[in-house]
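Starting from the given sequences, assemble the full structure and let the hints guide the process.
Residue numbers (our numbering), protein chains in the order written: chain R, 309 to 419; chain X, 309 to 419.
Treat the hints as calculated values from the structure; they're not laboratory data. Worth double-checking, as some hints may not be accurate.
Okay, the calculated beta carbon distance ranges per label pair [as the list claims (entries may be wrong)]:
| id | chain 1 | residue 1 | chain 2 | residue 2 | range |
| --- | --- | --- | --- | --- | --- |
| 1 | X | GLN361 | R | ALA340 | 34 to 42 Å |
| 2 | X | SER394 | R | GLU346 | 29 to 37 Å |
| 3 | X | HIS338 | R | SER355 | 34 to 42 Å |
| 4 | X | GLN361 | R | SER387 | 32 to 40 Å |
| 5 | R | GLU407 | X | ARG364 | 23 to 31 Å |
Being a predicted model, the structure only gives us computed values, none of them experimental. C-beta atoms are modelled at their ideal positions from N, C-alpha and C, and glycine is treated no differently.
Protein chains: 2
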Amino acid sequence: MKKQGYTCGLDAAVDVVGGKWKALILWALHYAPLRFGELKRSVPGISEKMLIQQLREMETYGLVHREVHHQVPPKVEYSLTEFGHSLNTALIPLGDWGEKHMRTIEAIPRG
Amino acid sequence: MKKQGYTCGLDAAVDVVGGKWKALILWALHYAPLRFGELKRSVPGISEKMLIQQLREMETYGLVHREVHHQVPPKVEYSLTEFGHSLNTALIPLGDWGEKHMRTIEAIPRG
DNA sequence: CAGTATCCTGTTAGATACTG
DNA sequence: CAGTATCTAACAGGATACTG
Chain R
309 MKKQGYTCGL DAAVDVVGGK WKALILWALH YAPLRFGELK RSVPGISEKM LIQQLREMET
369 YGLVHREVHH QVPPKVEYSL TEFGHSLNTA LIPLGDWGEK HMRTIEAIPR G
Chain X
309 MKKQGYTCGL DAAVDVVGGK WKALILWALH YAPLRFGELK RSVPGISEKM LIQQLREMET
369 YGLVHREVHH QVPPKVEYSL TEFGHSLNTA LIPLGDWGEK HMRTIEAIPR G
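Okay, here's the thing in structure tokens:
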């Protein structure tokens, strides 16, 4: 979330879902609501700091809903809103594309 | 292009098209091949440095083709490959989503 | 369990000036 | 026209330790 005055829809969408983690978190929540710890295990490699940071942003975007259950031990569940689901749906073709070309992508020399 | 061993297709796709500019450059080239200067005008706000840098990466990914016409003054045309077109197609729903929700997105308080 | 708080590093990106 | 080169600021992200 950095700009105003987007030049096209893709510009706006990339601004919302951009960065290393948001699309993956969205994807993980597609199937069912998850607790913080479950989510962490569902997104391999993410640190607790990045996870909570991205979740907070996605909450302010209205993509994710945070539900606190006052128990001991604490239980917090994250789920997609309708808005979040609509974004996830829009990401499906991109995910399919990536899956289809994963081998090609991995074979590209890094640098 | 940073990792190997993607966990899902979206992971791989975000790695290829991620960052601030690549999706926009891809989008601009969707309609027709463009020269460097035309491309710069088509992607408002991009610096020459970022444009050439992103184009080079996209060339190594095989998304973009660079055609040099040996003339004075020089003329270099950039176009999408078939691979680039396939990625662009996969981005259409995301672009539509962004367009549809642009007002909502702009209204979110920045942080 | 579900976070916070700090510190630290590498990358991204902007500004500016210059070239074949 | 189509780039290169250099410098610097900003930010994303990682490591580690601590808390209600």
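Using the Cβ atoms, figure out if R/GLU407 sits within 23 to 31 Å of X/ARG364. Hint holds: Cβ distance 26 Å, inside 23 to 31 Å.
Starting from the hint 32 to 40 Å, judge whether the C-beta atoms of X/GLN361 and R/SER387 obey it. holds, 39 Å
Do the beta carbons of X/HIS338 and R/SER355 sit within 34 to 42 Å of each other? holds, 36 Å
Does the Cβ distance between X/GLN361 and R/ALA340 fall inside 34 to 42 Å? For R/ALA340 against X/GLN361, whose Cβ atoms are near 40 Å apart, the range 34 to 42 Å holds.
Check the following: the C-beta atoms of X/SER394 and R/GLU346 are separated by a distance inside 29 to 37 Å. holds, 34 Å
When held up to the earlier numbered hints, the structure conflicts with none and fits them all.
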